[in-house]
Amino acid sequence: MIVDCAAYEGGRRREGELSLERAGEAASERGAFVWLGVVEPTEAEFQAIAAEFGLHELAVEDAVRAHQRPKVEEYDEFLHVVLKTARYVDPEEVIEVGEVSVFVAPSFVITVRHGDFDLAPVRHRLERRPDLLEEGPGAVLYAIADHLVDRYLEAAHGFDEDVREVELQVFGEGQNPTERIYKLEREVLEFQAATVPLGEELEDLCRRDYAVIPEPLHEYFRDVEDHLRRVSTRIENFRQLLDSALEANLTQVSMQQNEDMRKISAWVAIAAVPTMVAGIYGMNFEHMPELEWRFGYPLVLGIVLTACLYLYWRFKRSGWL
Amino acid sequence: MIVDCAAYEGGRRREGELSLERAGEAASERGAFVWLGVVEPTEAEFQAIAAEFGLHELAVEDAVRAHQRPKVEEYDEFLHVVLKTARYVDPEEVIEVGEVSVFVAPSFVITVRHGDFDLAPVRHRLERRPDLLEEGPGAVLYAIADHLVDRYLEAAHGFDEDVREVELQVFGEGQNPTERIYKLEREVLEFQAATVPLGEELEDLCRRDYAVIPEPLHEYFRDVEDHLRRVSTRIENFRQLLDSALEANLTQVSMQQNEDMRKISAWVAIAAVPTMVAGIYGMNFEHMPELEWRFGYPLVLGIVLTACLYLYWRFKRSGWL
Amino acid sequence: MIVDCAAYEGGRRREGELSLERAGEAASERGAFVWLGVVEPTEAEFQAIAAEFGLHELAVEDAVRAHQRPKVEEYDEFLHVVLKTARYVDPEEVIEVGEVSVFVAPSFVITVRHGDFDLAPVRHRLERRPDLLEEGPGAVLYAIADHLVDRYLEAAHGFDEDVREVELQVFGEGQNPTERIYKLEREVLEFQAATVPLGEELEDLCRRDYAVIPEPLHEYFRDVEDHLRRVSTRIENFRQLLDSALEANLTQVSMQQNEDMRKISAWVAIAAVPTMVAGIYGMNFEHMPELEWRFGYPLVLGIVLTACLYLYWRFKRSGWL
Amino acid sequence: MIVDCAAYEGGRRREGELSLERAGEAASERGAFVWLGVVEPTEAEFQAIAAEFGLHELAVEDAVRAHQRPKVEEYDEFLHVVLKTARYVDPEEVIEVGEVSVFVAPSFVITVRHGDFDLAPVRHRLERRPDLLEEGPGAVLYAIADHLVDRYLEAAHGFDEDVREVELQVFGEGQNPTERIYKLEREVLEFQAATVPLGEELEDLCRRDYAVIPEPLHEYFRDVEDHLRRVSTRIENFRQLLDSALEANLTQVSMQQNEDMRKISAWVAIAAVPTMVAGIYGMNFEHMPELEWRFGYPLVLGIVLTACLYLYWRFKRSGWL
Amino acid sequence: MIVDCAAYEGGRRREGELSLERAGEAASERGAFVWLGVVEPTEAEFQAIAAEFGLHELAVEDAVRAHQRPKVEEYDEFLHVVLKTARYVDPEEVIEVGEVSVFVAPSFVITVRHGDFDLAPVRHRLERRPDLLEEGPGAVLYAIADHLVDRYLEAAHGFDEDVREVELQVFGEGQNPTERIYKLEREVLEFQAATVPLGEELEDLCRRDYAVIPEPLHEYFRDVEDHLRRVSTRIENFRQLLDSALEANLTQVSMQQNEDMRKISAWVAIAAVPTMVAGIYGMNFEHMPELEWRFGYPLVLGIVLTACLYLYWRFKRSGWL
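So the sequences go chain by chain: B, H, D, L and W.
Residue numbers for the first sequence follow our numbering, so the first one is 66 and each next one is one higher.
Residue numbers for the second sequence follow our numbering, so the first one is 66 and each next one is one higher.
Residue numbers for the third sequence follow our numbering, so the first one is 66 and each next one is one higher.
Residue numbers for the fourth sequence follow our numbering, so the first one is 66 and each next one is one higher.
Residue numbers for the fifth sequence follow our numbering, so the first one is 66 and each next one is one higher.
Hints are computed from structural coordinates only; laboratory data are not their basis.
Here the structure is a predicted model, which means the values were calculated and not measured.
Treat the hints with care, since some could be wrong.
Copies of the same chain are indistinguishable here, so a pair counts whether it falls within one copy or spans any two.
What the hints assert, rightly or not - Below, computed lysine-lysine pairings styled on DSBU-like, alpha-carbon distance capped at 30 Å:
(1) K381 to K328
(2) K248 to K328
(3) K248 to K136
Given only the sequences and the hints, what does the whole structure look like? Please build it.
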């Protein structure tokens with residue numbers, strides 16, 4: 066589905082939306098370029114666009130099927146860039162990954178979006194920056210990449226908070242965060258797969274001399290790349306922290322087990338005293354003088370109670386209870 | 066065993082199958098190439114083919130013996146490419162690895178297959194694409210590589226499902242998935258050894274200028290390489306996840322142990338109360354006034370029962386029972 | 066906020082502080098350069114400075130927002146270097162990270178500081194080294210980098226002491242250093258993210274020929290880089306040691322658990338002897354000759370006591386008690 | 066000790082063994098080369114050989130002392146290649162590492178063997194391949210490298226079988242394979258140190274243009290390198306598998322412990338029933354009506370037995386027994 | 066403190082020790098060079114030397130302060146090489162690290178030693194090798210590097226023995242080697258930090274064309290580098306082995322715990338039999354026929370004893386006792 070199609074000239078948007086045919090014509094005018102925004106196109110829909118703009122069969126396949134890696138592919142007449150969108154959904158603690166395919170040529174830029182994600186704000190923000198728009202379709206690519214990588218930083222922030230919560234659980238009481246740690250690790254891996262490969266590709270974008278990325282844009286792409294590296298470092302750190310949290314958690318579980326065992330044992334030991342003493346005075350010997358004492362029974366009860374209290378006090382002091 | 070042998074010219078298959086001698090002749094005609102398909106040849110069979118097409122002794126050895134790494138080897142007159150086939154057999158959770166050796170020269174392509182795997186569909190699909198076939202034997206290599214790497218993606222999908230099942234087992238109850246996790250790890254390693262080295266080799270295929278891979282095919286091979294990288298990333302993630310699952314599993318086992326220990330101890334503590342009280346009233350002191358009370362016995366029974374119920378309630382509340 | 070602004074000529078500071086406008090003028094004189102020190106500027110403040118000195122929009126953004134990675138970015142007319150400050154706060158065992166942005170051009174150097182950190186000592190020390198100051202703004206960059214990396218070494222020293230304390234806890238008694246180990250690991254990771262990337266960037270600074278870094282300064286920057294590498298190696302070792310400490314700690318916990326269990330069991334075994342014997346002589350058989358013996362009771366008590374002492378001695382000897 | 070010394074010309078061995086002096090002369094004839102085989106030479110023995118053939122002092126030292134890394138060292142007039150031999154001794158599960166030093170010059174090849182390993186079969190096999198021998202001393206180097214790397218593959222096969230046995234032990238019953246896993250890991254590391262560095266060195270051998278390795282041999286060395294890479298991949302996988310086996314084993318031990326603990330506890334619980342009931346009817350209250358019932362005793366025995374059987378059945382059902 | 070200062074000419078030492086001033090003069094003669102040996106100099110002492118030989122301020126600082134990384138730094142007129150000395154002190158199982166700074170110029174070599182280590186033997190050995198000494202100051206650098214790396218090999222040997230001892234402890238009985246393993250790991254990391262970075266630097270020394278390292282010395286330095294690589298490989302393996310030993314140790318501890326628990330439980334089960342039976346015959350039912358039997362008491366004792374022995378035999382057979 067085509068969601069927006071407009072021609073840009075000298076940094077400004079020409080009035081009105083264009084039909085696909087008109088877009089093709091506009092793209093062939095000098096000094097102007099067309100920005101065509103498409104959402105989850107069917108194969109047939111995108112075939113029509115590809116025919117109009119002369120896109121390569123393989124790029125078409127990629128754009129329609131989604132589930133690509135982030136990449137920058139150079140074709141003879143255009144550049145095909147695949148970017149992943151990433152959104153951290155906090156209540157479920159999952160990372161939602163979408164995809165934007167961008168076809169950049171000197172006279173057009175086609176953006177193909179898959180997943181629940183809106184490119185309209187990017188377009189509006191860019192339309193307020195004629196100095197950038199003047200640099201042509203490359204500026205559109207920059208604006209999208211910049212926007213997406215800022216979203217990565219937000220997602221990383223969301224992870225950060227959950228990692229800190231998990232830490233509190235690991236070193237707090239009464240919870241078993243093992244499953245949560247594991248699930249977070251899974252999401253971090255997915256986030257990493259969606260974002261990190263883009264780094265190399267962006268570096269390439271600046272270093273090689275692509276006609277569609279004029280020199281003044283290089284610094285802008287370098288800036289995006291720099292933000293992406295911060296994301297990469299943080300992701301790597303999340304993995305490290307979650308790994309350590311998993312192991313620390315195991316230690317805490319063992320520690321807890323030991324404490325429970327000591328507590329149990331302490332009570333068992335305390336209960337063993339009256340049982341043992343009672344056993345002794347339950348023997349049936351004929352000659353057991355204590356049994357005949359007038360205050361034998363309360364005396365024994367008192368001794369037992371004292372012994373129990375003494376044990377309780379010792380266990381308390383040594384931290385077993 | 067030769068399974069299919071045909072000559073192709075101008076993107077189309079010439080009528081009829083060729084004998085080995087006729088194939089040699091056809092390969093020497095201009096503008097035509099021969100595609101010879103062989104399955105698990107004996108040394109003698111393949112010696113005959115090698116003699117006909119002038120293959121190098123070492124390549125022959127590799128083709129007959131199988132168990133090679135994926136590789137691209139350049140000889141003076143031909144290219145020898147070894148590709149691994151991979152199929153995930155779900156019920157047994159094993160990866161079945163086979164091998165296809167492809168000898169590509171400007172005038173012929175020989176495919177040698179080892180293992181339970183059919184190349185006929187690749188041939189049929191390619192025969193419906195004269196535009197690709199026109200590029201010569203390199204197109205055959207592409208078609209096979211493309212087909213195999215798509216199978217890798219399917220295998221990765223199979224792994225994915227089993228990894229998710231294992232996760233349910235780890236965090237579910239009553240099962241010990243340790244052995245399953247370990248076995249999956251073993252298979253993932255085998256899958257990795259069979260597929261990942263191909264990446265580098267494919268990259269090489271595009272970067273160097275091989276006569277048998279004309280330029281229009283570069284984008285196709287790059288596409289295959291790209292799919293392969295997705296497989297690599299997923300395999301790497303499987304390894305990470307299985308590693309973490311192994312450790313999470315250990316924690317869960319310790320956790321379970323602690324819970325069992327607490328439950329047992331709680332019951333032992335409850336049982337200790339009547340034993341202790343009964344011991345006390347089993348003592349043989351002459352002067353134990355309670356023993357002579359009319360309702361001493363039911364009173365003690367009641368007290369004991371109340372104490373036991375109180376303990377039960379407390380353990381229930383603190384989660385030990 | 067501008068904290069200091071002065072012109073330097075021939076290795077010496079000219080008298081008096083300059084206003085922003087005068088600074089711009091001074092920067093355009095030959096043979097002189099201006100050093101402008103800013104602390105946590107607002108966007109508006111820094112826009113004024115950027116306009117005066119012609120800084121790029123993206124660099125401005127970075128300077129105002131902080132939270133950048135360490136980096137060296139070349140713009141057409143100046144170099145933008147981001148350095149992280151790191152201070153180890155020992156009582157809390159956290160690493161406090163700040164940031165200094167340095168804009169270096171042949172005729173000016175602007176330092177933008179974020180966080181609780183003072184650059185005045187650097188300025189004073191450098192003003193006592195006219196031989197370095199003569200090399201121009203690059204010397205200021207060197208002086209700051211040198212100062213910061215020396216702070217890293219101090220921070221690493223602080224970590225070192227805490228790692229050694231943690232070791233004593235792991236192999237000492239009665240403490241659970243798991244949380245401390247984990248927290249230290251988190252701080253080490255943050256320290257690493259703040260410092261290690263600088264290494265590559267510094268290397269670059271010497272290898273490429275930047276106009277603002279004259280050749281005589283190369284050896285100085287190489288010296289800073291070398292110190293940084295020592296920091297990197299130590300950080301890497303901290304991570305290794307903390308990883309091992311986490312695992313060693315788990316082993317110690319298990320070990321402790323085993324010892325506690327043995328101790329408990331030993332006492333249970335000792336208590337089981339009188340209980341068992343008392344049970345036997347508590348039986349109500351009519352014909353139990355021992356019960357009628359005159360010294361049956363003290364004899365049994367003596368035997369029980371002897372058995373208990375014997376067990377105690379054996380457990381003591383085998384290390385269970 | 067010199068074990069064999071012969072001159073080769075045009076791919077064939079000249080009749081008779083040569084003395085050291087005659088070997089030196091033969092090496093100076095055109096179109097011929099000498100192959101001198103030495104076994105664990107003393108310093109003096111090898112000094113004589115070095116003097117005859119002009120070997121460098123450092124190479125001599127290496128050849129006599131053994132315990133080198135695999136390496137290829139280029140000297141002005143010859144190439145010094147150190148190769149490790151590896152044999153897996155299955156009953157002891159150790160890897161036996163030896164060493165072959167090969168000095169290759171255009172007119173001679175000297176092989177120095179350390180350890181229990183026979184090069185004679187290599188010589189005999191090569192003497193049946195005049196086409197290879199014609200390429201000169203480089204062919205001897207190839208024949209040895211090829212032979213050794215094939216031995217590596219055999220050793221890897223031996224490891225493979227033991228790793229599979231260890232897996233059966235980990236997931237089987239009643240054994241503690243921890244020590245075996247650890248020892249295997251040690252041997253794998255030794256195997257790796259002996260073989261993997263050779264890979265890089267071999268790659269070098271083909272890429273650089275050494276006079277003693279004529280072009281037709283390149284494909285042969287590439288073949289050896291390829292086999293070596295398969296060994297490397299398998300070694301890496303062994304390490305991974307043994308690491309995972311160590312962790313899986315720990316989980317199995319914990320699992321076993323939990324099962325044992327449950328079993329013990331179940332029996333303790335069953336035994337607690339009669340003890341508790343007997344305690345109650347052992348109390349000395351004057352008014353305990355049950356005590357006077359005619360069938361009180363068998364009734365209580367029956368109830369206790371029923372309760373025990375019921376517990377046994379429940380524990381059986383829940384898998385604790 | 067200057068410990069030795071002499072001039073060398075044509076591979077031989079000139080008679081007599083030189084004062085610092087005379088050394089400066091001698092260094093300016095053609096064909097001669099001066100070797101100045103200094104031990105832990107004060108800043109003032111070394112300033113004098115630096116002034117005499119024209120050393121750079123930064124190099125002076127490094128030489129006086131020690132605690133550098135191993136490195137090779139090229140200054141305009143000399144090369145500054147920092148080497149670490151390493152000695153394994155076996156009883157304490159610590160690695161003692163010192164430092165040697167070497168300043169190499171065409172006409173002088175200054176060695177600055179920090180730590181308990183003697184360079185005199187190196188000087189004496191080198192003075193017996195005029196062929197090497199003739200190559201100039203580079204030969205001195207070689208001699209020192211060679212000597213130090215041989216010490217590394219000895220240190221690695223010392224580690225090897227302790228690692229093997231630790232293994233015996235892990236799989237032996239009654240010891241807890243956790244702390245020892247951890248401490249060894251710490252020392253291995255320190256050893257690694259002191260030695261491994263030298264590898265790269267040495268490689269550099271041969272590859273670049275330094276005037277002070279004439280070509281004939283290249284093979285000698287390559288030899289040192291090769292020995293260093295063996296050290297690196299062994300260190301890496303120590304780390305691997307100690308990591309695995311730590312984990313194996315944990316498993317052994319768990320295993321031991323399980324065995325102890327089974328042993329304890331077996332005895333508890335055996336003791337439960339007499340307690341239970343005695344409890345039953347301690348009940349006060351009026352109608353318990355067994356109590357009146359003449360041989361009831363010895364019969365019950367016999368039955369209990371038989372049951373205990375039977376249990377003992379079963380536990381023995383199943384390995385619990």
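Q | Hints violated by the structure (listed by number, smallest first) | A | none
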